[in-house]
Amino acid sequence: MNNIIIKTENLEKIYGKSQVKTHALKGVSMEIPRGSFSCIIGPSGHGKSTLLHLIGGLDKPTKGDVFIDGVNIAELSKAEIAEIRAKKIGFVFQFFNLLGNLTALENIQAAMMFGKVAPKEQKERALELLALVGLADKANAKPGELSGGQQQRVSIARALANDPDILLMDEPTGNLDSESEQEVLKHIAEIHKTGKTIAIVTHSNEIAQQAEMVFEVRDGTLKV
Amino acid sequence: MSILKLVARNLLRRKGRFVFTLLGITIGMASFVALLSIGGNMQNEVTRQAYALGGNFVIVPDDLCVYNQIGIITGEAISESLDFGAFERIAAIEGLTVIPHLTQRTAIQNATVTVTGMLPAETKAFRGWEMYAGEYFASQDQQAVVIGQGTRNRFDLEVGDELTIRGEAFPIIGILAATNSNDDVTLHIPLAIAQRVFEREGRISFMSAIVDNMERVDEYATAIMNVANVNVATNEQLLNSVLMILGSVNVTLQAVAGVALIAAAFGIINTMMTAVFERRREIGILQAIGAKGRAIFKIFVLESGIYGLLGGIIGVGAGFLVSMFVAPIVAQNNEAMLMGVTMGSSIDVQLVITTILFSVVISIVAGLYPAWKAAKLTPVEAISYE
Ligand SMILES: Nc1ncnc2c1ncn2[C@@H]1O[C@H](COP(=O)(O)OP(=O)(O)OP(=O)(O)O)[C@@H](O)[C@H]1O
Ligand SMILES: [Mg+2]
Chain B
1 MNNIIIKTEN
11 LEKIYGKSQV
21 KTHALKGVSM
31 EIPRGSFSCI
41 IGPSGHGKST
51 LLHLIGGLDK
61 PTKGDVFIDG
71 VNIAELSKAE
81 IAEIRAKKIG
91 FVFQFFNLLG
101 NLTALENIQA
111 AMMFGKVAPK
121 EQKERALELL
131 ALVGLADKAN
141 AKPGELSGGQ
151 QQRVSIARAL
161 ANDPDILLMD
171 EPTGNLDSES
181 EQEVLKHIAE
191 IHKTGKTIAI
201 VTHSNEIAQQ
211 AEMVFEVRDG
221 TLKV
Chain C
1001 MSILKLVARN
1011 LLRRKGRFVF
1021 TLLGITIGMA
1031 SFVALLSIGG
1041 NMQNEVTRQA
1051 YALGGNFVIV
1061 PDDLCVYNQI
1071 GIITGEAISE
1081 SLDFGAFERI
1091 AAIEGLTVIP
1101 HLTQRTAIQN
1111 ATVTVTGMLP
1121 AETKAFRGWE
1131 MYAGEYFASQ
1141 DQQAVVIGQG
1151 TRNRFDLEVG
1161 DELTIRGEAF
1171 PIIGILAATN
1181 SNDDVTLHIP
1191 LAIAQRVFER
1201 EGRISFMSAI
1211 VDNMERVDEY
1221 ATAIMNVANV
1231 NVATNEQLLN
1241 SVLMILGSVN
1251 VTLQAVAGVA
1261 LIAAAFGIIN
1271 TMMTAVFERR
1281 REIGILQAIG
1291 AKGRAIFKIF
1301 VLESGIYGLL
1311 GGIIGVGAGF
1321 LVSMFVAPIV
1331 AQNNEAMLMG
1341 VTMGSSIDVQ
1351 LVITTILFSV
1361 VISIVAGLYP
1371 AWKAAKLTPV
1381 EAISYE
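Note that the protein sequences, when read in sequence, are chains B and C. Using the working numbering, the first residue of the first sequence is number 1, and each one after it goes up by one. Using the working numbering, the first residue of the second sequence is number 1001, and each one after it goes up by one.
Chain B with its partners taken away, still in its complex shape (with noise of 0.2 Å):
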């Protein structure tokens, strides 16, 4: 097996259509390894969000390619690529993450719905994933009732439901208080165990320092 998860070629984005035009990636070329913690650093708007936007497919480059798995994404139709999100990657957000009128275990459920999990495995699937982010207890709990550092747990394990080789977070920890992080954290690293790749924006030097790898984006481009 390809030892490459991940890769991208010359990856270029530029936002807007009309006269104002953001170039956000200037020819970004990235290699990460299957099963390792890699992180994603650099100043705000420099294009850390786009990057990662762009490997999980939830957006097109402009010019360039993806490859998950050796698979050029890029070429995909949109079917192809939600179909890849649902069962290849797990997304994590800063903010409002989940699903507010669903219950933790409900938001777990709801991805595997969309990776085609029987209904009949889900509750039970769902519960040991609240296990591993500590919320067992939390399971019929909407959002609203748990904490920023809770939910952000539930969103893990929610990005976990379809066992997917690669783990994409942007900033999970950028709205938690230093104690929340740590907690956040401590499970990050447990799940990196099992294997998943784990890809994070942050602005977190303490995340940083634990990372396999680096990328610093700076302007656009990655600083060697």
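Sample of chain C residues at the chain B side, in silico, Cβ under 8 Å:
(1) M1001
(2) L1006
(3) R1009
(4) R1013
(5) I1285
(6) I1289
(7) A1291
(8) P1379
Quick caveat, the hints were computed from the structure, so don't treat them as lab data. The C-beta atom is built at its ideal place from N, Cα and C for all residues, glycine as well.
Got chain B; can you put chain C with the ligands on it based on the hints?
Structure of chain C with the ligands alone, referenced to chain B:
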């Protein structure tokens, strides 16, 4: 977790909006059903009454407009502009059986009812009346009244009771067996007595006629119009002209219902557009966790379809209830209220199913554009929205 459960959660999230949007489509469908079945009932009723008239044709004053001809069918009193002489001249035509009617109004227990003056023996034979109780008229000038089943039930009357018509006492001597026509709700008295108490000496309202040979109807019609200043309308013609009026009433009712439906559909579009806008971020999350555009589309279309399903079911129920009570009032016919029991309660299963389906289809169509907007959002557009 299933799409349907997700949709149910979404719908109930904003309960107030859910209820008001639902009310919109419910009212739309209810008015659609009510107006449609009121129109339908009126047509059924008219058709039934026209056939119950019994004659092959009616003879009316030549100045009686089409609108007034409804009166003959619904049993309203119509003007008494024919004279008895005309009747005698027409009755003399060979091969024709004619009976005269003088229709007037009176009141029982403060409710208006129609009184018909007629020739007792001839009318009984003509109409094929049977007695349910009591006796029939013994002579042409017996001051008494024979009533029908409708009147009996409505006012709780029995043989031997006494009615007052124009200040004079009329004992009920007999009750007719049910005819399922106006005769059930009309007070029958001898023509001569009616002409006297209503001070319409020598006058009649219209005549019913049967010909011996149907193939010669046209000849008879010409003969009749030669001897008197009258118009001849076959039951079919009468029915057609009345149905034509009702038809245009129906078109109007349907247009009103259509407007109500369009308003309801825009209510749904509005609600769904708001929902799509509010839930952009959520749509992004759904996409990030693997929902395809098709799934997002399905979620929103289902949401609006459910409005249609619920609105259709509740609306049909409400609509039939309304039509049951309103139809007789619209027909402005007290007698119809009596029959309303039989006519409103026959709920048309096909109409029920069609209406609910229709409601669902309208709602789904109304949801298509918002759902398409939602499905078209790219994940990043949806997520970067804050
Ligand atoms: N949807 C968008 N439409 C237009 N411009 C965008 C969009 N998203 C990002 N940009 C622009 O692209 C550039 C890079 O944005 P990006 O979000 O990738 O930065 P970032 O490094 O993640 O910043 P931060 O640390 O603040 O999250 C910025 O100039 C931003 O304004
Ligand atoms: Mg960012």
